[in-house]
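Chemist: What follows is the residue order along each chain.
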Amino acid sequence: MQSQARRWNEPHRLVLLAIAVAIILFAAFNMRWDWLPRYSGKLVTGVGTTLWLLFLTSVLGFLLAVPLGLAQAAGPVWLSGPARAFCTVIRGTPLLLQLWLLYYGLGSLFAYWPEIRQSWVWPYLRSAWPYGVLALTMSFAGYEGEVMRGAFAGVPKGELEAGRAYGMSPLTVFRRIWLPRAIHRALPTLAGETVLQLKATPLVATITVVDVYAIISRVRQDTYLTYEPLLLLALIYMILTGVLVLAFRWLEARVPVKNI
Amino acid sequence: MLDWVTGLSAWELLALNPPGWGGVLLKGLAISLQVAVGGYILGFLIGIGGATGKLYGGPILRDVLDVYTTLVRAVPELVLILLLYYAGTDALNQLLLLIGAERMDISGLAAGIFVIGVVQGAYQTEVLRGAFKAVPHGEIEAARAYGMSPLQVLRRITLPGMLPHAVPGLSNLWLIATKDTALLAVVGVAELTLVTRQAGGATKHYFTFFFAAGLLYLMVTLLSNVAIRRIERHARRGIPAVR
Numbered sequence: 001m002q003s004q005a006r007r008w009n010e011p012h013r014l015v016l017l018a019i020a021v022a023i024i025l026f027a028a029f030n031m032r033w034d035w036l037p038r039y040s041g042k043l044v045t046g047v048g049t050t051l052w053l054l055f056l057t058s059v060l061g062f063l064l065a066v067p068l069g070l071a072q073a074a075g076p077v078w079l080s081g082p083a084r085a086f087c088t089v090i091r092g093t094p095l096l097l098q099l100w101l102l103y104y105g106l107g108s109l110f111a112y113w114p115e116i117r118q119s120w121v122w123p124y125l126r127s128a129w130p131y132g133v134l135a136l137t138m139s140f141a142g143y144e145g146e147v148m149r150g151a152f153a154g155v156p157k158g159e160l161e162a163g164r165a166y167g168m169s170p171l172t173v174f175r176r177i178w179l180p181r182a183i184h185r186a187l188p189t190l191a192g193e194t195v196l197q198l199k200a201t202p203l204v205a206t207i208t209v210v211d212v213y214a215i216i217s218r219v220r221q222d223t224y225l226t227y228e229p230l231l232l233l234a235l236i237y238m239i240l241t242g243v244l245v246l247a248f249r250w251l252e253a254r255v256p257v258k259n260i
Numbered sequence: 001m002l003d004w005v006t007g008l009s010a011w012e013l014l015a016l017n018p019p020g021w022g023g024v025l026l027k028g029l030a031i032s033l034q035v036a037v038g039g040y041i042l043g044f045l046i047g048i049g050g051a052t053g054k055l056y057g058g059p060i061l062r063d064v065l066d067v068y069t070t071l072v073r074a075v076p077e078l079v080l081i082l083l084l085y086y087a088g089t090d091a092l093n094q095l096l097l098l099i100g101a102e103r104m105d106i107s108g109l110a111a112g113i114f115v116i117g118v119v120q121g122a123y124q125t126e127v128l129r130g131a132f133k134a135v136p137h138g139e140i141e142a143a144r145a146y147g148m149s150p151l152q153v154l155r156r157i158t159l160p161g162m163l164p165h166a167v168p169g170l171s172n173l174w175l176i177a178t179k180d181t182a183l184l185a186v187v188g189v190a191e192l193t194l195v196t197r198q199a200g201g202a203t204k205h206y207f208t209f210f211f212a213a214g215l216l217y218l219m220v221t222l223l224s225n226v227a228i229r230r231i232e233r234h235a236r237r238g239i240p241a242v243r
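Chains as they are written, first to last, in full-length UniProt numbering: chain A, 1 to 260; chain B, 1 to 243.
Source of the hints: derived by calculation from the structure; they are not laboratory data.
Among the clues, some could well be false.
Quick look at which bits of chain B chain A covers, simulated, 3 or more residues with Cβ under 8 Å [as the list claims (entries may be wrong)]:
no., segment
1, 110-118
2, 164-172
Result set (SDA-like, lysine to any residue): computed pairs, CA atoms no more than 20 Å apart in a straight line [to be verified]:
no., chain 1, residue 1, chain 2, residue 2
3, B, 204, A, 207
4, A, 157, A, 185
5, B, 204, A, 112
6, B, 204, A, 128
7, B, 204, A, 208
8, B, 204, A, 108
9, B, 204, A, 111
10, B, 204, A, 113
11, A, 42, A, 214
12, A, 157, A, 76
13, B, 204, A, 126
14, B, 204, B, 20
Calculated Cβ distances over 12 Å to all of chain B for the following chain A residues [what the hints assert, rightly or not]:
no., residue
15, 41
16, 120
17, 171
18, 195
19, 234
20, 248
21, 251
Think of the CB as a built atom: it goes at the ideal place given N, C-alpha and C, for glycine as much as any other residue.
Same shape as in the complex, but just chain A:
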């Protein structure tokens, strides 16, 4: 196994690069891209929606994952049992099904409660947005809860005892020692889960949330094109994934690796 840095100017790489350039040129000149200017503004908005959805649901999901992980790692049975059940159910069923259960299922149940239909929350409940946010948040929390369980359990007990011996209250021990150490341990996995979360966001388009995938679907309906819009969509997600991976790599490099 040679471990030298891979170089781009090896002969076979140049051939592969030439093939890639040829494919890109073929795609640029032999496929139809005349629709692109018409939809470019909407596509930018769609990417914004996707990123906002990713940010919102991963922050909310993480906030939910901390108590879930803590309950499973150190909680009493009446707390750890439901937390474990929640994670099992979320991880054991497809996200698409959860999404449709919330949107169609809950949506159909509201018809039986006239009080809800007359209250001020009804306009919000009629749109798909809250269901998408709820489903993605719960999904993220379910997977993250398992990660945080391992991270909380992995912090050496001696450190927590030392904090207590210093006279810290349980809350201070948690805030100053337990949580930071757990997050530090979980950070690489968190990064991976966030990338997975980005790749789960297009599912919300199936319940009429207008993200970048929904815009592309509209392009496909309008233009009857098979490959071009989907290839562009794949490219957009590849760029987003790459940026996210680089951002987390930068973040991980900044987190101090002290006394591990």
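Fit chain B to the known structure of chain A by using the hints.
Modeler: Just chain B now, with coordinates in the frame of chain A:
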């Protein structure tokens, strides 16, 4: 279950015979499982080939495989499924026309297995590559020095040595495969999630049906977990437990 809301018994709705939709749901589950098993096996074959290619292949093969795994893992499964499903069937038909054969209808089942297999293949390549690399090189050299043939080395040293490292990743991927089949609902394959939505649409009892389908998926996962635990214990036999 929920009859206080709908005024109708959920058991009537979920009955196996035609007035109820239980039989339809079970048929959908069978399709889902067929796609999952088929896609997983196809992915495993691609994974074995990909891992060997990445470890022992020439520089060109390695680069091509790198491109494959990187691209597939950077794009959402849903987008890949749409792309492979429409582009794949279209390309096959173009090919058939080129050689002078008739266009043919590709069944949703076959296309689904192909799509899930290509996606799984990329992830399994990485899992298997890691597991292959986890076998200490000295053990393989020792076996070779003993005069074992390459096939014997594979059967006696490499496979048993890599198995404990491969099983957790592979079992994760199996669970992902069972759930990725739900995405085929978007392209119209009549698997569990799609037939559930159809049942809900026909009766307006969405909650009951999605709840029932969720239980079916959960059952598959829990049964898989039991099997996985057994396989893992078998693969790790003779290895001291961690912690």
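Chemist: Of the numbered hints stated previously, which ones are contradicted by the structure, given in increasing order?
Modeler: Per hint list: 1, 2, 18 and 19 violated.
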